[in-house]
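Here the sequence shown is numbered in our numbering, starting from 690 and rising by one per residue.
If you are wondering where the hints come from, they were derived from the structure by calculation, not from laboratory data. Glycine included, every Cβ here is placed at the ideal spot set by N, Cα and C. One thing to keep in mind: the hints can contain errors.
To be verified - Each pair of labels, with its calculated beta carbon distance range:
id: 1; residue 1: G760; residue 2: H736; range: 44 to 54 angstroms
id: 2; residue 1: E701; residue 2: R758; range: 33 to 43 angstroms
id: 3; residue 1: D823; residue 2: G982; range: 16 to 26 angstroms
To be verified - For lysine to any residue, the following SDA-like pairs were computed, each having C-alpha atoms within a straight-line distance of at most 20 angstroms:
id: 4; residue 1: K925; residue 2: S904
id: 5; residue 1: K775; residue 2: E877
id: 6; residue 1: K927; residue 2: W941
id: 7; residue 1: K927; residue 2: Y915
id: 8; residue 1: K810; residue 2: A933
id: 9; residue 1: K925; residue 2: P948
id: 10; residue 1: K925; residue 2: D950
id: 11; residue 1: K810; residue 2: E779
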Amino acid sequence: MPRINRAIELLESGQPVYYTAAGEISYEGGLAEAATWADFLLIDYEHRPFDMTALRSFMRGLVDAGPTRSGHRMPAIFCTLPASGKSASEVLDNQWQITHLLNAGVHGLVLCRARDPEAVKAFVDCSRFVFHRDAEGGPGTGLRGNGGQQHPAEIWGISPEEYLQRADPWPLNPAGELLLGLKLEDQECAAAADECLAVPGLAYAEWGPGDMGMSFGYPTNHDPPYPPEMEVVRQKIKTATQSAGLAFLMSWDDAEMSPEDKARFLFDDQQVKVVAAGPNGAAFASVGRRHTGRRLPA
690 MPRINRAIEL LESGQPVYYT AAGEISYEGG LAEAATWADF LLIDYEHRPF DMTALRSFMR
750 GLVDAGPTRS GHRMPAIFCT LPASGKSASE VLDNQWQITH LLNAGVHGLV LCRARDPEAV
810 KAFVDCSRFV FHRDAEGGPG TGLRGNGGQQ HPAEIWGISP EEYLQRADPW PLNPAGELLL
870 GLKLEDQECA AAADECLAVP GLAYAEWGPG DMGMSFGYPT NHDPPYPPEM EVVRQKIKTA
930 TQSAGLAFLM SWDDAEMSPE DKARFLFDDQ QVKVVAAGPN GAAFASVGRR HTGRRLPA
């Protein structure tokens with residue numbers, strides 16, 4: 690069965706996934722972004738206005754200007770949540786945010802400041818329909834209910850019945866088309882990383898150098914070289930993520946590196962699978978795709 694979510698198709702084949710930030714969230718913005726070089730676009734609702742009418746228009750623009758050069762209906766769209774993962778109650782009290790984003794037809798969600806494994810579990814539960822099964826095949830604990838499946842099914846180009854089956858987190862559900870990620874972006878997140886990453890239903894995680902730097906007292910150390918304490922925690926979160934069988938997301942904007950050196954560092958040395966391509970992202974993605982022998986068109 691063809692994949693709806695191009696990012697999953699790439700991860701299944703062992704290829705890195707490249708993303709960039711979405712621009713204007715409007716119908717016209719969707720028309721313009723449909724031909725993006727990126728494998729997915731990230732909409733930062735942690736910081737920007739949570740406007741679901743604009744998001745639905747944006748998604749419609751992507752569909753109307755599609756398909757992509759890879760033959761997919763649209764680029765995958767991921768969103769950071771306004772609510773954070775500091776506690777299960779914060780996630781559960783803001784379940785409506787997850788529901789509205791998924792009902793708009795997005796393909797992935799990111800929980801920021803994931804400090805509490807119970808918050809991560811709530812994040813996964815809020816993203817799953819009630820009838821889906823757990824990792825052992827038993828009754829699941831999903832909280833997403835009936836009634837909102839018609840619109841996202843139209844965006845995905847499938848029936849509501851098929852949407853109900855496929856709108857589930859991969860790889861927990863091998864047929865799922867949703868990707869769920871974590872930002873482990875401060876010292877408290879790093880301390881709880883192993884427990885948070887063990888929650889079934891996740892696909893990837895990142896260490897969030899901007900906020901991580903702030904938690905160490907470095908407000909502008911988003912890019913390398915990093916102070917020793919930041920480098921230690923980066924390695925800790927990378928190891929924990931990869932040990933949990935999840936893809937590690939990282940950017941690396943080092944002015945001393947050529948694009949070829951950066952590709953070797955990210956993909957050969959660090960085994961990064963999701964890349965924030967950064968400045969000149971399209972050019973770097975072209976270099977990186979050649980380096981890893983990617984065949985799927987961008």
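44 to 54 angstroms as the expected CB spacing between H736 and G760, which holds or is violated: violated, 33 angstroms
CB-CB spacing for G982 and D823 relative to the 16 to 26 angstroms hint: At roughly 36 angstroms between Cβ atoms, G982 and D823 fall outside 16 to 26 angstroms, so the hint is violated.
K810 paired with A933 [C-alpha distance capped at 20 angstroms]: Between K810 and A933 the Cα gap is close to 15 angstroms, so the pair holds against 20 angstroms.
Pair hint outcome, K810 versus E779 [Cα-Cα no greater than 20 angstroms]: holds, 12 angstroms
Pair hint K925 and D950, alpha-carbon separation not exceeding 20 angstroms: violated, 23 angstroms
Restraint check for K925 with P948, where alpha carbons must lie at most 20 angstroms apart: Outside the cut-off at roughly 25 angstroms; violated.
Agreement of K927 and W941 with the hint, judged by alpha carbon distance not exceeding 20 angstroms: holds, 14 angstroms
Status of the given 33 to 43 angstroms range, CB of R758 versus CB of E701: Between E701 and R758, where Cβ atoms are some 19 angstroms apart, the hint is violated.
Hint consistency between K775 and E877 [alpha-carbon to alpha-carbon, up to 20 angstroms]: With a Cα-Cα distance of about 9 angstroms, the restraint between K775 and E877 holds, given a limit of 20 angstroms.
20 angstroms Cα cutoff - pair K927, Y915: holds, 15 angstroms
20 angstroms Cα cutoff - pair K925, S904: Holds, because 16 angstroms separates the two Cα atoms, which is no more than 20 angstroms.
Of the numbered hints stated above, those contradicted by the structure are hints 1, 2, 3, 9, 10, listed in ascending order.
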